[in-house]
Structures are given as C-alpha cells and as structure tokens.
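In the order they appear, the protein sequences are chains E and W.
Per UniProt numbering, the first sequence runs over residues 1 to 272.
Per UniProt numbering, the second sequence runs over residues 1 to 272.
Take these hints with a grain of salt, some might be off.
The list treats identical chains as interchangeable, and a pair is accepted whether it falls inside one copy or across any two copies.
To be verified - Calculated pairs, DSSO-like style, for lysine-lysine (alpha carbon to alpha carbon, straight line, at most 27 angstroms):
hint: 1; residue 1: K3; residue 2: K98
hint: 2; residue 1: K126; residue 2: K249
hint: 3; residue 1: K268; residue 2: K197
hint: 4; residue 1: K257; residue 2: K135
hint: 5; residue 1: K218; residue 2: K197
hint: 6; residue 1: K132; residue 2: K69
hint: 7; residue 1: K69; residue 2: K126
hint: 8; residue 1: K197; residue 2: K151
hint: 9; residue 1: K40; residue 2: K69
hint: 10; residue 1: K40; residue 2: K3
FYI, nobody ran anything at the bench for these hints, they're computed from the structure.
Please read these numbers as outputs of a predicted model, since none were measured by experiment.
Protein chains: 2
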Amino acid sequence: MNKEAFVISQFTSPRIGDDGAVVGEWVYSKDIFAQNVHFKREWMSLAQIAKKSMLVNLSDAIAMNAVPKYALIGVTIPRSYTHAELKELTGAFLATCKAWGVELIGGDTTSGERLTISITIISHTKNPVFRKGMKEGHVLAYTGRIGESLKGLKTLMRGGSLGADSRFMKPVLKAAFFYKAAPYVSAAMDISDGLGKDLSRLCAANNLGARFTCKHTKAQLCSGEEYEMLFSFDPRYERILRRIAEQTKTPLTLFGKAVRGRFRCPCKEHHF
Amino acid sequence: MNKEAFVISQFTSPRIGDDGAVVGEWVYSKDIFAQNVHFKREWMSLAQIAKKSMLVNLSDAIAMNAVPKYALIGVTIPRSYTHAELKELTGAFLATCKAWGVELIGGDTTSGERLTISITIISHTKNPVFRKGMKEGHVLAYTGRIGESLKGLKTLMRGGSLGADSRFMKPVLKAAFFYKAAPYVSAAMDISDGLGKDLSRLCAANNLGARFTCKHTKAQLCSGEEYEMLFSFDPRYERILRRIAEQTKTPLTLFGKAVRGRFRCPCKEHHF
Numbered sequence: 001m002n003k004e005a006f007v008i009s010q011f012t013s014p015r016i017g018d019d020g021a022v023v024g025e026w027v028y029s030k031d032i033f034a035q036n037v038h039f040k041r042e043w044m045s046l047a048q049i050a051k052k053s054m055l056v057n058l059s060d061a062i063a064m065n066a067v068p069k070y071a072l073i074g075v076t077i078p079r080s081y082t083h084a085e086l087k088e089l090t091g092a093f094l095a096t097c098k099a100w101g102v103e104l105i106g107g108d109t110t111s112g113e114r115l116t117i118s119i120t121i122i123s124h125t126k127n128p129v130f131r132k133g134m135k136e137g138h139v140l141a142y143t144g145r146i147g148e149s150l151k152g153l154k155t156l157m158r159g160g161s162l163g164a165d166s167r168f169m170k171p172v173l174k175a176a177f178f179y180k181a182a183p184y185v186s187a188a189m190d191i192s193d194g195l196g197k198d199l200s201r202l203c204a205a206n207n208l209g210a211r212f213t214c215k216h217t218k219a220q221l222c223s224g225e226e227y228e229m230l231f232s233f234d235p236r237y238e239r240i241l242r243r244i245a246e247q248t249k250t251p252l253t254l255f256g257k258a259v260r261g262r263f264r265c266p267c268k269e270h271h272f
Numbered sequence: 001m002n003k004e005a006f007v008i009s010q011f012t013s014p015r016i017g018d019d020g021a022v023v024g025e026w027v028y029s030k031d032i033f034a035q036n037v038h039f040k041r042e043w044m045s046l047a048q049i050a051k052k053s054m055l056v057n058l059s060d061a062i063a064m065n066a067v068p069k070y071a072l073i074g075v076t077i078p079r080s081y082t083h084a085e086l087k088e089l090t091g092a093f094l095a096t097c098k099a100w101g102v103e104l105i106g107g108d109t110t111s112g113e114r115l116t117i118s119i120t121i122i123s124h125t126k127n128p129v130f131r132k133g134m135k136e137g138h139v140l141a142y143t144g145r146i147g148e149s150l151k152g153l154k155t156l157m158r159g160g161s162l163g164a165d166s167r168f169m170k171p172v173l174k175a176a177f178f179y180k181a182a183p184y185v186s187a188a189m190d191i192s193d194g195l196g197k198d199l200s201r202l203c204a205a206n207n208l209g210a211r212f213t214c215k216h217t218k219a220q221l222c223s224g225e226e227y228e229m230l231f232s233f234d235p236r237y238e239r240i241l242r243r244i245a246e247q248t249k250t251p252l253t254l255f256g257k258a259v260r261g262r263f264r265c266p267c268k269e270h271h272f
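Chain E extracted, bound-state conformation (with noise of 0.2 angstroms):
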C-alpha cells in the first residue's frame, strides 16, 4: 500500500471513500494540487495552475452531483514570489469562482519552498451520487474522449509545450451533461488518476468486476487527470442517456459492463 492510500486507511469515517463527504445536503470535498507533485513551475502560468486547481476540486463536487457553492483556499506560496505573480495567482482563483458560481469564504497563505494549493469546495445537492450504488449488468460509461491528459504530460516531460486548451492545462468538466444525468446514474467518481485506477476503485466500492465491451488503448486506460465523469447505470436508461448527450452535446462512451469479481487496473502507478 502507497503513502496516501495508507493515511487514507487510517481514517474510517463511513462518509470518506467517496469523491466528497455528504453532511445533509451539503458536500465537502478536498484536493491539494502540488508543485513537483502535480505540475512543474515551468510547465504552466500561474494563471493555469490556480484555474487547474479550482477545476480538479469543481469536479468532485459535480461527481456527486452537487453545485458547489463555496470555497476555501489555502496556499502555500514562495517566498520569491512577486506581488504581481500573487496577482495572477489570487485573479485566477476568483474569475474561476466566478465563472462557477462559486463564493470564495475564505483561507489562508502560507509561505513553503512550492506552491502548494489546498482547496476545499462545499457544494450543495438533494440527491447525492455516489461510488456505491453499481449492482451487477449495470453498463459503465465515461464522458469526453480520454487519453489526451497523459499524451500532454509526456509531451511537457520531454521538455515540450502544450497548447493552453490541451486537456493536461484545462480539464473541461462536464457538469451539463452530468446534473442532467444523475438521475438515472447509479454510481459514479471522476477520472482523476487513469480510467483503470479509478474503475478499480469504482468496482471494488460495489464488491464487483468489469468487463470491457470496446478496446482501449493503454494510453486510454492509464490517463489520469482526465476529469471526465466515470459511472453506471441500469441498462434501461441506455436511451435517455443518450439523449442527454446529445442534447448537451458530450461525447459518451459505453464501454463494459459491471460483471461479478474483481477487476484489477493494468496500469503502473506514475509520479514524476
């Protein structure tokens, strides 16, 4: 067992093991995005790293089917840092607050050797989603096209550069497609660390497998930072579903089928 996944283990709360932690009909998710963890300095504006930050927390809280409504910043932050680099740092959590709709309640700064940025993000819904829920013959679909994020980041390793819309820079959530869609959802998470990872996790949630009724590549599989929406649901809602994508115009794969047994991810875990 990794690090995280140990002091993860450590804490039994029933609501942990979800993308957030449902309290009546608030949720609560947290993220912390970490220079040399997450991204490299050079790879990214602080601009694009205090808007990523933002997105990969938005993107729990959509998982479970809540709005998020409120945030909390902390930011560990240099001591080399400028006031105008605090500025873009500070202009790009807000304008992506308000493009979310989201009220940011407060936080703190702290100075480190990296920045580091912990955000917790407090969303609101009647109706949570959450990992558990799959049951056996349930298909698994995902939104978006995935692979992209990892191709991005071998590009930037080797010293390339990405275009600012390139997923790795820019996740685009897909919140549209999602709230219109929880309804008949019976279990769902993000795709944060790879579409194996996180289907591992998905099914091992509900004690169940998976079988895979299209090929994937193993760029496909073992792309994290995806922040496409991974879930199931009862076949007989195959069709409304798909209504809803096109109505919202979101590339929808199915592609297997949650099976009895276990279903292990292919991929090696990657950190750089």
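The hints should help you fit chain W onto chain E, whose structure is shown.
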C-alpha cells in the same frame, strides 16, 4: 503589506475577515500548519504536531461561538516518513477529533519536502460571534495567562526543550468558558499572532482604538500562538462574565477599554 496579507486582501467576500466564514448555521475555518513556518520537526513529536494543528483550527471555531462537528485534513508528507510515523500522525488526528466530538470526514494527502497540514473545520452555531460588534466603552478582556508561548518558542530556538504541557506545545482552549460567555460578548477572536497584533485587528474591524487599563510586558503583548480568547463586552455584563469565569475555572483578565481612534500593534512581526 506582507504577502500573506496581500493575498487575503485580494479576496473580498464579506464573509472573510473573521476566524471562520459563516454560511447559515455553519462556520468554516481553514488554517495551514507548516513545518519551518509554525514548527520545526525536531521541536515536537509528530503526535504533538498533529494535535496542535487540530487545536489551532478548533480555536477558530470556538472564537466564533461555534461547536466543531466535522474536519477535513490535507497533509503534505515527506517521502521519508515510515508507516510508524504516519500512524503516529493519523492516530493523533483521530484522538484529537474524538476528544472534541469531531468527525473526520475526508482529506487528501500528497508528498512534499516539508510536513504541511491544512485543516478545514466545519462547526455549528445559532449565534456566531464576529470580530465586528465592539462599541466605544466596551471592556476588553482575554482568557488565560499570556506570554508563555513566546517564551517557549525562544527556548526552542536557543536549542532548549519544552515540557509536553507547555503552552507552545499544547494550547489549552477555553471552550467551556467561551460558549457560556458568548451571549454577553460583543466581538471576539482568538490570540494567534499575539495580543498586540490581534487587538489591532479587532480594533480595525470596529474602527476603534483601545486604552489599556493594566500594564502588560512586551512578552505578553507580542506572544503569538496563545490560543486564548480575546473579546469585548458591554460593561453591564462584567459581573456575569466574572461569574462564568469562576464557574469554569478560567483566568480572566479585563485589560482595557474600546475608545475612539486607532490601536497600533507595538510588536515586530516575527518569523523564525
């Protein structure tokens, strides 16, 4: 303006500026507790660090007259930490949560050079106490004895060591007193940066100054991380507040009065 203050100044929600942000009956507070900023690793055990990081966050909730209910913990952990060390950390988080009736509902971990703990506390109140609300003529008071934390810090910086119960190692929160006192309190915050600095913030929030009615040493004025309650109240409540202090065995010092003007903190900013 220092960088921390600059970043916070860019965030302009009216909910920002107190020890926590109030949304309905919920209060959200978030504080970062970071190695080489708030502590050095050799000064304290991991259990002490984890416990103090929780207490400084719980202190914010108490200062708002809110009862802590849930916690989210984000930790940046050096790769060198062993499983035994991780267990010491998580064990202390859980024990502190248990002692305060707080449910740990989520979190995130990542690796990094220095141990950094970012905690979000979700607390409940029907009657929040804010920094704003103090009027001219109100009495200024604080709980406990102050000054010891700075003395402890100086001892540590000279290479000395501290007892496990010394203030710097383990703040003693005055929850029992403050929840009873809150109905009679006009404005409050906790003393995290020193009486002088925090009083200047309390005064600024109310466009008032302060006149001291008893002498304080520089050590008392400038000792941060006391986590005592600093508050103001209408003089007609003096008797009842003294009685609550007696009932809860809480030292209470009435040290001044809110007056017209402005209060300037006489302390230097200290970093180590």
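- Which of the numbered hints above does this structure break? Hint 9 alone not satisfied by this model.
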